[in-house]
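Engineer: So the sequences go chain by chain: A, B, C and D. Quick note: the first sequence uses the working numbering, first residue 10, plus one each step. Quick note: the second sequence uses the working numbering, first residue 10, plus one each step. Quick note: the third sequence uses the working numbering, first residue 10, plus one each step. Quick note: the fourth sequence uses the working numbering, first residue 10, plus one each step.
There's no promise every hint is true.
Intra- or inter-copy, both count: the list cannot distinguish identical chains.
[Unchecked claim] Cut-off 30 Å, straight-line C-alpha distance, at most; resulting in silico cross-link-like pairs (BS3-like, lysine-lysine):
| id | residue 1 | residue 2 |
| --- | --- | --- |
| 1 | K339 | K90 |
| 2 | K32 | K390 |
| 3 | K90 | K368 |
| 4 | K32 | K90 |
| 5 | K394 | K194 |
| 6 | K117 | K359 |
| 7 | K194 | K341 |
| 8 | K354 | K341 |
| 9 | K383 | K197 |
| 10 | K339 | K223 |
| 11 | K223 | K347 |
| 12 | K341 | K197 |
Honestly, the hints are just simulated from the structure, not real lab data. Remember, it's a predicted structure, so these values are computed and weren't measured experimentally.
4 protein chains.
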Amino acid sequence: MLGSGFIGRFYADSIQGYRSRDKIVSIYSRRKESAKKFADDYNVGFYTTNLEEAIARPEVDVVCISLPNHMHEEAVMLCCKHQKAVITTKPLGRNGEEARRMLEAVEKAGIFNGYLEDLVYTPKFIKALESVQNGALGRILWAKSRETHPGPHSDWFWDMELAGGGCILDLGCHCVEISRSYIGKDIKPVEVMCWADTQVKPIDAEDHAIGLVKYENGAIGQFEVSWTFRGGLDLRDEVMGTEGTIWINSFLRTGFDMFTTGKGADYVAEKAESNSGWLFPVGDELNELGYNHMFMDMFNAMENGSSPKETFYDGYVVNCILDAAYRSAKSKQWEPVKLDIWRGKTGVTKDSHLVEFDKDHYLVKEEVTHYGAKKLILKNKTTGKISERTIE
Amino acid sequence: MLGSGFIGRFYADSIQGYRSRDKIVSIYSRRKESAKKFADDYNVGFYTTNLEEAIARPEVDVVCISLPNHMHEEAVMLCCKHQKAVITTKPLGRNGEEARRMLEAVEKAGIFNGYLEDLVYTPKFIKALESVQNGALGRILWAKSRETHPGPHSDWFWDMELAGGGCILDLGCHCVEISRSYIGKDIKPVEVMCWADTQVKPIDAEDHAIGLVKYENGAIGQFEVSWTFRGGLDLRDEVMGTEGTIWINSFLRTGFDMFTTGKGADYVAEKAESNSGWLFPVGDELNELGYNHMFMDMFNAMENGSSPKETFYDGYVVNCILDAAYRSAKSKQWEPVKLDIWRGKTGVTKDSHLVEFDKDHYLVKEEVTHYGAKKLILKNKTTGKISERTIE
Amino acid sequence: MLGSGFIGRFYADSIQGYRSRDKIVSIYSRRKESAKKFADDYNVGFYTTNLEEAIARPEVDVVCISLPNHMHEEAVMLCCKHQKAVITTKPLGRNGEEARRMLEAVEKAGIFNGYLEDLVYTPKFIKALESVQNGALGRILWAKSRETHPGPHSDWFWDMELAGGGCILDLGCHCVEISRSYIGKDIKPVEVMCWADTQVKPIDAEDHAIGLVKYENGAIGQFEVSWTFRGGLDLRDEVMGTEGTIWINSFLRTGFDMFTTGKGADYVAEKAESNSGWLFPVGDELNELGYNHMFMDMFNAMENGSSPKETFYDGYVVNCILDAAYRSAKSKQWEPVKLDIWRGKTGVTKDSHLVEFDKDHYLVKEEVTHYGAKKLILKNKTTGKISERTIE
Amino acid sequence: MLGSGFIGRFYADSIQGYRSRDKIVSIYSRRKESAKKFADDYNVGFYTTNLEEAIARPEVDVVCISLPNHMHEEAVMLCCKHQKAVITTKPLGRNGEEARRMLEAVEKAGIFNGYLEDLVYTPKFIKALESVQNGALGRILWAKSRETHPGPHSDWFWDMELAGGGCILDLGCHCVEISRSYIGKDIKPVEVMCWADTQVKPIDAEDHAIGLVKYENGAIGQFEVSWTFRGGLDLRDEVMGTEGTIWINSFLRTGFDMFTTGKGADYVAEKAESNSGWLFPVGDELNELGYNHMFMDMFNAMENGSSPKETFYDGYVVNCILDAAYRSAKSKQWEPVKLDIWRGKTGVTKDSHLVEFDKDHYLVKEEVTHYGAKKLILKNKTTGKISERTIE
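Okay, chain A solo, but in the shape it has when bound:
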């Protein structure tokens, strides 16, 4: 385990708690006391402030990188050197360039690589994606993911150089991969439009952004990200298809409401802002946030010699989309997604969905109005004229 911070602890809780046969054997931290504390807390045999040493230990089977963004590349390269399987927290790189170098390095080294995008492993997401893939929503038109909260936990997040960006990079990477999964990971993202601003925090990076990602088949991904949201951690997805709709609330409204005058309460949930009044705890954060199913997939894939659902390649695609978002926020135009490496379909076109009514007309809409009549809206195939028929 590389990194003993907030996310490293979340990972450790999940790794050692869930499958009950996986064990952290070596911990690296930039500060000795943090490494030692982590080793004590999680019963880890070896701790160090030397990155290579932590990786090279013979008892290490897989290296889990939960370091600040600017240290990912160095750590990955060391894994390649020592031929260790590697799984890395999100985002993979600070930009597409960095991500591509890591992708190429692990593939050249032939080592197992996993991208720790937990939010496509939440139980709700998994079930929803299944429904989408079974066709319950028809053709997907739009997939939005929103992650907003009052700001991240560690200092380096707030530093442009170390983090590589603000909330777009920190949170947008989740949202982009969620939308991309609903729309189809083999469908090429084509261009991005993004608004970003620093509205509240005294920082250089953006603290609020909204972006649209257009895919080759005409579907639209949307991300809404912010470090300025008040009220807790807002994690919601919405998907629209020709045959249905999905709404997922992963954190703030999950069927668990608590009111308390404030006696006796302590930690409620990640990024909750209050300990009294109406609170919305989550039953099991590690599970609801996808950590359990993510590590299960990673370790099972390693054992089976297969690929996990999320690899460095996915991390690379996400970085390239976010790069386009940053360019668009500056240029104020739609910006193309530059993907040197693309392994999905190409040349996909937008579906035509004219619904046949009779030999002369397409059906536009059919409905029952509030005063009881049944209405049909039709379009003449040759003239294009719209007409209305009421059927009592």
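Using the hints provided, position chains B, C and D relative to the given structure of chain A.
Structural biologist: What follows is chains B, C and D alone, placed relative to chain A:
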């Protein structure tokens, strides 16, 4: 009353039902049988297919225009000619040009004019706006409004020429005025970015669009509109401020859930798609959709000789914002909002919100982490360096 | 208007706000300064501390009693004496005996009488009852109503003698009439089982109670009432029928969520407990609590010479049911509802609902299991034996 | 594993899926083809229709009983004979008598025993109980648990003799243990009042029941159970304390809403009634229903030589409470809970919670009214008189 269609009937139900002293005395419809049926249903003394005749009747105090978009201007001009107070359904015009002509005409004629934007009159909106104006949310950063459903009721909506546009014009006018109200109607909308597409329906106009409206103070309005949504009428607003958040669901989740196997059910709610399974009726549509409070405001304003909350001027501003949205959807760039007439503030700038921590630092963030510690993220005032302090 | 307290003001807001042609012309209060303040606030021409004087004024068409429970009877008798139409807040009496005297008096006097049970006039309830009456839920099996909050507003509520009881009388009257309406107001309530206790408040009356009311057709009404609930005003109904289910949340979850750090907020909603954190305001309390539709029904009925939906007779039935609840809380047994006056059906029996499957079997249940098979549970008509068939 | 039915398969999915090191080695079923199919599906080495043989296998460490109720005792006795650890599905016995014999047998045999009450192991319940135990709700006044659905899966449930009862036994056992846990498992249940009826199904057992359980400290447990509910599986808990409230919805409203016109959907969730319209899937049923955490606790306890959270003793207490419920449904009175074996506290009395205001008064209530004033309701300590003070 001009127009006997879906919206005309909604208006009539509200006008005659609520204040209980207002009376429809004259009804115009393009088709005689519709005019007659309306007159019968609502006990109206006079019906006609002649627009001017309907307006000119001496017993008419105020003309309520609920006609297709392309007929608004003609009807408004006749009201000016006959010096009748006029209230018009949304959108005011098919574009800013048309709206400006109507605005200038009614002001020149000196007649009472009201813009029937019902969704800023819903009980929830009124209460929410009050909270925002009282400062419960601090400075407003973002205000989104979403209106999507499976498509409108009448044929003319689907005809580009008659309607002037698709779901942007039909639904976006609501969303834009909602966001604008939360942000402040005296704050100038500056530019718009919009994506629009025809994804499902066999029509020329857009059936799905998402837009961002930037205001002079840095706040962002957002609209999400569609005629392709499945599941009913989705009407939701979200507002983020520096001190709080508001979420409003006006139609599909209002605390009224019904499951039925389907026996005995008939009309559930506007644009509901099903009569069995889980349904989400609305207690009192006319009230929840704002019709009652809207007509109350209009008629009270008329009686008091004051202006209603929404006038032709507001309709004009909305049209200009939507014009910019249409231009942006084509140009794929942010497009300026062209407002020849602007009566609000000018030269407003973005607030600076640096939070003082001590003489050397700004406070970026303060929080309690999931393992119990209290963390402060600070920024050095001179070096800009970010640092972290943990307080046990 | 008799009474200038909390409920009197709610009534006044609704009466003068909604229909816009009804006017309070005379106000009685026990304290002169309260009467005067009310008169000033609501622009009432006459105020007094003399009950009879307030009633007898010639310009008074209808007397609205919003007095403490122990004063209802006296006020009603004065209305009879002066032949004034009378509408009375809930509960009608402190017990069935008192209610019966009032009922007999107004009927003997031949005056219009209305029972101000607002919660069967909420927009949600009205719509839900319509669905029930249309058969959307099939045969009604159970109808629960819950009203709990942190305690009432005025001192007299807490005094056994003046109020006649605790939360059973104060809140149970609502719940009982709601359940009774869903089950059918012509179905006779037969017996009641009730638990009641004083768990928290330093009072003699009960502050928490749960009761079951059995109806002649086998349906069950349930009430849950408390003055010890923390979190606001919890108003929920649930109805189960053979074909469906209704869940109504009238106050705390109505599609309006607000988070605020607490700046700028003041009055949120009736009986809300906090001004910061997550709050759940109601768009329009007067409307959501049924006041508008209630007074509309009352005044329309008066004008039409018909009966309102809720009369003194209904108030009397409710009082008799609550009497049985109080007896049961003491005797710890089911207690019969003693109704000297009953105007509904008699001799109704429980429906038999055997579902025919084939000539030898009844169908107990049909379902699709989680591993894909279809199962039928059947009962042999003659042997009564239960069997199971799986259809792949 | 004894039993290959619905619940057996749920258990197997959880046991073999979660900890990833536990293995089913022997399966018994009453029907050979079922045993074989289960063995094939779950890769079980041995199958049999001989109960004792299945238990006695040397490779069996722990016997998991998921048999119909009437076979529990026989299976438990065989586990005692062969000295095998045993975990049993709920309810433990068909009545307290049977449960007591099993409890005494396993304790005499000195074997590990666990009671598979999954619903006190759901992530939400665990978190909620933690909050309750930390005092977030103050003193617990009332704890309700509701489980209703359209009826169970297997034939034997519908047979009085085999099942031992109807929905009280099947579902009430869950609800009773949930309430009991919130109130405190060391607080003695004293008496029970219960209504039960057969309202819809053509069976002898009850298909709908509501019960109240009074505890020695004055707290009230409540269960609402039914096999006649329409709309899916309704699993909700509500807890009221002097300082707070908890509402848990475990199945039908968990932040996952899906609308579908019905193409492509198949199994949605346990006991869902529809495949189109608005559906409410659960992300991960095994986890949400508590199976994962339950088996984790059972196996960890076995390995540590400790007791699991739920043992045969808990199953016995639950059975005794349900026995009292059945007696009460017949006698129409509160019936005492007969507990020959009681290991918790005795002689607990109701807390007094008089809140001191000043030397002469108790505080009854403090609030801000809707017209802005602050009110105090006070009670004189000596006279008991209630008074009101308004503070502007």
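Engineer: At most 30 Å between C-alpha atoms: does K223 with K347 qualify within a copy, between copies, both, or neither?
Structural biologist: both (13 Å within a copy, 28 Å between copies)
Engineer: At most 30 Å between CA atoms: does that hold for K32 and K390 within a copy, between copies, both, or neither?
Structural biologist: Neither, since 66 Å and 44 Å both go past 30 Å.
Engineer: With identical chains treated as interchangeable, where does the CA-CA distance between K117 and K359 reach 30 Å or less: within a copy, between copies, both, or neither?
Structural biologist: neither (36 Å within a copy, 50 Å between copies)
Engineer: Quick one: K394 to K194, C-alpha cut-off 30 Å, is that within a copy, between copies, both, or neither?
Structural biologist: Classified as neither: same-chain Cα gap 38 Å, cross-chain 39 Å, threshold 30 Å.
Engineer: With identical chains treated as interchangeable, where does the CA-CA distance between K339 and K223 reach 30 Å or less: within a copy, between copies, both, or neither?
Structural biologist: both (18 Å within a copy, 15 Å between copies)
Engineer: With identical chains treated as interchangeable, where does the CA-CA distance between K32 and K90 reach 30 Å or less: within a copy, between copies, both, or neither?
Structural biologist: within (23 Å within a copy, 38 Å between copies)
Engineer: Checking K194 and K341: alpha-carbon separation at most 30 Å within a copy, between copies, both or neither?
Structural biologist: both (27 Å within a copy, 25 Å between copies)
Engineer: Is it within, between, both, or neither for K341 and K197, if the alpha carbons may be no more than 30 Å apart?
Structural biologist: Both ways: K341 and K197 sit 22 Å apart in one copy and 19 Å across, limit 30 Å.
Engineer: When no copy is specified for K383 and K197, does a C-alpha distance of 30 Å or less occur within a copy, between copies, both, or neither?
Structural biologist: This pair counts as neither: shortest intra-copy Cα distance 41 Å, inter-copy 41 Å.
Engineer: Give the relationship of K90 and K368 under a CA distance limit of 30 Å: within one copy only, between copies only, both, or neither.
Structural biologist: neither (67 Å within a copy, 48 Å between copies)
Engineer: For K354 and K341, with the copy left unspecified, which applies at a CA distance of at most 30 Å: within, between, both, or neither?
Structural biologist: both (29 Å within a copy, 25 Å between copies)
Engineer: Checking K339 and K90: alpha-carbon separation at most 30 Å within a copy, between copies, both or neither?
Structural biologist: neither (38 Å within a copy, 50 Å between copies)
In this structure, the hints that do not hold are numbers 1, 2, 3, 5, 6 and 9, in rising order.
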